[in-house]
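Novice: Chain by chain, the residues run as shown.
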Amino acid sequence: MKVRLRNPDREVDMRGGRLLQEVLVELAVDPDTVLVIRDGELITRGTSLDEADALEIRPVISGGSTP
Amino acid sequence: MRCHRCKASAVIEVRRNNAAFCEGCFLTVFRKQVARTIDKWEMIGGGDRVLVAVSGGKDSLALWDALLDLGHDTSGLYLGLGIGTYSDRSYAAAEGFARSRGATLETVDLAGEHGFDIPTAGRRGPRSTCAVCGLSKRYIFNRAAVDGGYDVLATGHNLDDEAATLLGNTLRWDTEFIARQSPVLPARGGMVKKVKPLHRLSELETAAFAFLRGIDYVVEECPLVAGNTQLRYKDAMNAIEARSPGVKARFFLGYLDRGAPLFRSEDRAEVGACARCGQPTTGTYCAFCRAKAQIAGERLGPAGDRQVAEELADEVLPAELYEIALAEAE
Numbered sequence: 155m156k157v158r159l160r161n162p163d164r165e166v167d168m169r170g171g172r173l174l175q176e177v178l179v180e181l182a183v184d185p186d187t188v189l190v191i192r193d194g195e196l197i198t199r200g201t202s203l204d205e206a207d208a209l210e211i212r213p214v215i216s217g218g219s220t221p
Numbered sequence: 002m003r004c005h006r007c008k009a010s011a012v013i014e015v016r017r018n019n020a021a022f023c024e025g026c027f028l029t030v031f032r033k034q035v036a037r038t039i040d041k042w043e044m045i046g047g048g049d050r051v052l053v054a055v056s057g058g059k060d061s062l063a064l065w066d067a068l069l070d071l072g073h074d075t076s077g078l079y080l081g082l083g084i085g086t087y088s089d090r091s092y093a094a095a096e097g098f099a100r101s102r103g104a105t106l107e108t109v110d111l112a113g114e115h116g117f118d119i120p121t122a123g124r125r126g127p128r129s130t131c132a133v134c135g136l137s138k139r140y141i142f143n144r145a146a147v148d149g150g151y152d153v154l155a156t157g158h159n160l161d162d163e164a165a166t167l168l169g170n171t172l173r174w175d176t177e178f179i180a181r182q183s184p185v186l187p188a189r190g191g192m193v194k195k196v197k198p199l200h201r202l203s204e205l206e207t208a209a210f211a212f213l214r215g216i217d218y219v220v221e222e223c224p225l226v227a228g229n230t231q232l233r234y235k236d237a238m239n240a241i242e243a244r245s246p247g248v249k250a251r252f253f254l255g256y257l258d259r260g261a262p263l264f265r266s267e268d269r270a271e272v273g274a275c276a277r278c279g280q281p282t283t284g285t286y287c288a289f290c291r292a293k294a295q296i297a298g299e300r301l302g303p304a305g306d307r308q309v310a311e312e313l314a315d316e317v318l319p320a321e322l323y324e325i326a327l328a329e330a331e
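Protein sequence lines, in the order shown, are assigned to chains A and B. If you're matching positions, the first sequence starts at 155 in this note's numbering and goes up one per residue. If you're matching positions, the second sequence starts at 2 in this note's numbering and goes up one per residue.
Just so you know, the hints here were simulated from the structure itself, not pulled from any lab data. We put the beta carbon where it would ideally sit given N, CA and C, even for glycine. There may be inaccurate statements among the hints.
Output of the computed footprint for chain B on chain A, the stretches with three or more beta carbons under 8 Å from beta carbons of chain B [as the list claims (entries may be wrong)]: (1) 179-187; (2) 197-209.
The following label-pair restraints were derived from C-beta to C-beta distances [as the list claims (entries may be wrong)]: (3) R164(A) with T86(B): 16 to 24 Å; (4) G25(B) with V166(A): 31 to 39 Å; (5) V166(A) with A227(B): 31 to 39 Å; (6) R164(A) with A188(B): 44 to 52 Å; (7) K33(B) with D193(A): 26 to 34 Å.
Go ahead and model the full structure; you've got the sequences and the hints to work with.
Specialist: Right under this line is the structure:
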C-alpha cells in the first residue's frame, strides 16, 4: 500500500489489510492532526484498508502568523 | 464509523464531541456553527461590508466560503509577503478561489508598497520572521479595511490557534494580551472591528471543510516557520488532547465563559496615533513603522528605539540581541 505523507512530502510502502487506526499508530501520527484521503475521499480511523490502496496523509496544523 | 445525524458512512470524526459526520451533515453542521457564532457575538450586522483576510490556506478560504454561503457581503484581501514560490502558490490559491466564487480579491504587495519582504525582514531585523509577518498583517489588513470603508475585518483563526495563543499568554502571564483575546474586538481609535467566526472549530474541521468543498488551498507549510513558538504550543496542546479529547476546547471556551471577565480590567492600553504614519498605536510609533525603520537601517529617535528594545524583550529573543538593541537605544 502506497502512503504519501505531506510536509515534508515523502512516500512510504506499508502493509494493507488492516484498519487505518493501526497504520496511524505505526506512523506515530495523531489522527486529530491529519486528513486521510483515499481515492479523493476522506476516511476515518475505523476504515479497512486494502493492499492496493493509495493514501495521502495531510497534516492540518499550520503555524506562524495567521490568517 | 457512522454519521451521528443520518447514520450514513462518516468522513470525519470529531472526538472532542464524541461525534462523527458524513459529508453532507458535516458541511451543514460547520456552516450552522459559523452562523451561530456570528449571531451570538454580534460579529456582523445587517448590511455590514466584511473584509476577509485571506492567506490561501485552509482556514481563511474555508471562512470566506462559509461567509459567502451565509449571504454576507464580503471581499478578500491577500497580502503578498514575498516568500518565493510559497507566496506564488498562496496567491494562486486565493485568486483561484475568488474567481471560482465570483468574489472580489484585493491585493497588497508588501515589497511594492513598503519596501521590504518577509525574508528580508528576517535577515535584517532582530525580530523573528513570524513576528514581522504577524505585525505586518495586522497593520496592513486594518489599514486596508479602514481605507476601504469596511465595517468588519474577519480572520480565519480557529480553535487550535486561539488555544495555543492563550496557552502562550498564560505561560508568560501576559495579562494585557490575555484581556484582549476575544472573538470580537470592537472598533476603536482607528482600528476596525475584528472578528474570528471560526474560533469554536478545530483545525481538523476547517481543513476537512475546505477539502470537502473542493477548495484548492495551500497544503505546504510556510518555509520560514521552523521553530515557531505557536507551533510548539500547538504540539503541547495536541499531546494533551490526544489523551483527553476536549481539553483544548474546555481551555479556550472556558476562558471566554469564565476567565475573560476576571482579566477585563487588565486591558488598559490607551490608543493614540503613530507619530510617523498616523495609524493606531499604544506607543509613540506603531510596531509596523518601528519594524520598517529597523529593516531599512533607519533610526526613529530615542523614544522609538527604546520602544523597540522593550518589545524585543517581550519576544524572548536571545539575551545578546536584547543587549545589543538596548545599547543601540541608549
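Novice: Given the hint of 31 to 39 Å, is the C-beta distance from V166(A) to A227(B) inside that range or not?
Specialist: 22 Å, violated
Novice: Quick check: the region 179-187 of chain A, covered by chain B? Criterion 3+ residues, Cβ under 8 Å.
Specialist: Contact hint for the region 179-187 of chain A vs chain B: holds, 4 residues under 8 Å.
Novice: Lying within 16 to 24 Å: is that true of the beta-carbon distance R164(A) to T86(B)?
Specialist: With a Cβ separation near 19 Å, R164(A) and T86(B) satisfy 16 to 24 Å, so the hint holds.
Novice: Check whether three or more residues of the region 197-209 of chain A sit with their beta carbon closer than 8 Å to a beta carbon of chain B.
Specialist: holds (count 5)
Novice: Do the Cβ positions of G25(B) and V166(A) conform to the proposed distance bound of 31 to 39 Å?
Specialist: Given range 31 to 39 Å: holds, Cβ gap about 33 Å.
Novice: Between R164(A) and A188(B), does the C-beta distance stay in 44 to 52 Å?
Specialist: Cβ of R164(A) to Cβ of A188(B): about 47 Å, so the range 44 to 52 Å holds.
Novice: Taking the CB of K33(B) and the CB of D193(A), does the distance hold inside 26 to 34 Å?
Specialist: With a Cβ separation near 29 Å, K33(B) and D193(A) satisfy 26 to 34 Å, so the hint holds.
Hint compliance for this structure: hint 5 is the single one not met.
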